[in-house]
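Colleague: Dock chain B with the ligands against the given chain A, drawing on the hints supplied.
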Amino acid sequence: MGKIKIKIDYSICGDGNKIDPRDCTICLKVCDPAIFLLHQSIKYQKEDDPYDPKIWRVTPVYPSLCILCMKCVEQCPENAIKIRN
Amino acid sequence: MCDHCLKHGTAGKWYLNAKLYSEELAKELDLKEFMLEQYKTFEAMQVRNFGGFSAVGMGYKMQLPIISRIVKYTAEKMLHTEKPSRNPFKAEGHIGQVVPLDDAIAILETCVPEDSLIMKYCMCRYMHKGEKEACCINFGIMSEIIDKLPRFIPEPEDSKYRLTKEEAIEKFTEFNKKGYIGTIWYGAYPYINNLCACQTPMCAGFRPRTEFGIKSIFKAEYVVENNPNNCQGCKKCITMCQFGAIDFDEKAKRALIDQSKCYGCGNCLLACRFEALNLVARKEIPALAGNY
Ligand code: SF4
Ligand code: SF4
Ligand code: SF4
Ligand code: SF4
Ligand code: SF4
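If you read the protein sequences in the order shown, they are chains A and B.
Note that the working numbering has the first sequence beginning at 283, numbered continuously upward.
Note that the working numbering has the second sequence beginning at 40, numbered continuously upward.
Isolated chain A (complex conformation) (with noise of 0.2 Å):
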């Protein structure tokens, strides 16, 4: 049983880079099983407001999920996203 490899290019997508991922959220939309967690980028955090963190990052959080549907990959606009299986 091979495992899915899913990668995002955070230089391209999150982490207070050129695109912030609540922006867009197609990658999270067009995933039927919801493998994405859209969240905090917790290390990049700057101290300013602690109450509403301004630097976001998508995680593919349950690979295992995922059905291989590629819609993710054809999609995402900014083609940041990567998947090997």
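Keep in mind that the hints were calculated from the coordinates and are not lab data.
Just so you know, even glycine gets a beta-carbon here, dropped at the ideal spot from N, CA and C.
With a straight-line cut-off of 25 Å between C-alpha atoms, the simulated BS3-like cross-links for lysine-lysine are: (1) A:Lys311 - B:Lys217; (2) B:Lys187 - A:Lys325; (3) A:Lys336 - B:Lys171; (4) A:Lys289 - A:Lys311; (5) B:Lys216 - A:Lys311; (6) B:Lys129 - A:Lys336; (7) B:Lys171 - A:Lys311; (8) A:Lys285 - B:Lys100; (9) B:Lys100 - A:Lys364.
Label pairs and their calculated CB-CB ranges: (10) A:Leu350 - B:Thr113: 23 to 31 Å; (11) B:Lys122 - A:Lys285: 33 to 41 Å; (12) B:Lys116 - A:Met352: 33 to 41 Å; (13) A:Leu350 - B:Glu153: 49 to 57 Å.
Modeller: Leaving out everything else, chain B with the ligands in the frame of chain A:
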């Protein structure tokens, strides 16, 4: 009745005990700071590492027999703990149960403190689907906590933020009719503060159980039973069930219920126009005794 209810319940149900909703309890446990800390970065809970484990890649960990036993043991121990919570970044003592409409109404009418009801955006739908849907009913100290966290507060066109009891009951009934599953949660054991309207696969409360066999949520005190004489075979109930507990019997042209899969949410009942379904106490069904 599960062990938990025998120990904590009123009328055999832990969630019908008004004490567990009280301001005094929240004070006694000093939960305000704790929960504010937790909700500031709630969405990041699943990526935090505890004892060497996080939920990331959970499915693959669960395919390894020894690791899966350790993960299940560690996760259930954390979720089911009855010790006061110490670490706001862990889902300690965060366990819930499915509640059908009547019990949810009883909770709202008799247990929830007056004037503290709010409607917030559901965390699970946002963090797993990017959807902002106002369908999480909170109360008690949660209203003060969410006041400070604007990302959870619904835009006026999505929902009113503060609700009266009547409005909360009306909203919850609407959610059930849409097929959302009612669940009641300890925020941190044993303080109760959330009445949720959940959907799989997004709900982070159901997923560990439905996908990985970790008891992150208990099934309801009820289970559905059908009356085949009334069933017209319209299949409405089948599309309503999020757990695949209802099948169609092609020969008899009737709905066929697998009680071992039923979580007792009661949503199928609300969809049936022929009074062919009803809820019965789970503990009365010998084959299901103890299957919560
Ligand atoms: S390939 Fe399909 S199932 Fe897998 S992560 Fe992408 S959208 Fe989800
Ligand atoms: S679809 Fe691409 S750009 Fe949009 S949130 Fe997902 S990874 Fe980021
Ligand atoms: S438990 Fe249910 S309603 Fe509450 S946040 Fe999660 S999915 Fe939403
Ligand atoms: S909704 Fe009622 S009548 Fe229709 S199939 Fe289900 S049980 Fe039968
Ligand atoms: S069969 Fe059980 S789990 Fe499915 S909708 Fe009906 S009550 Fe809920």
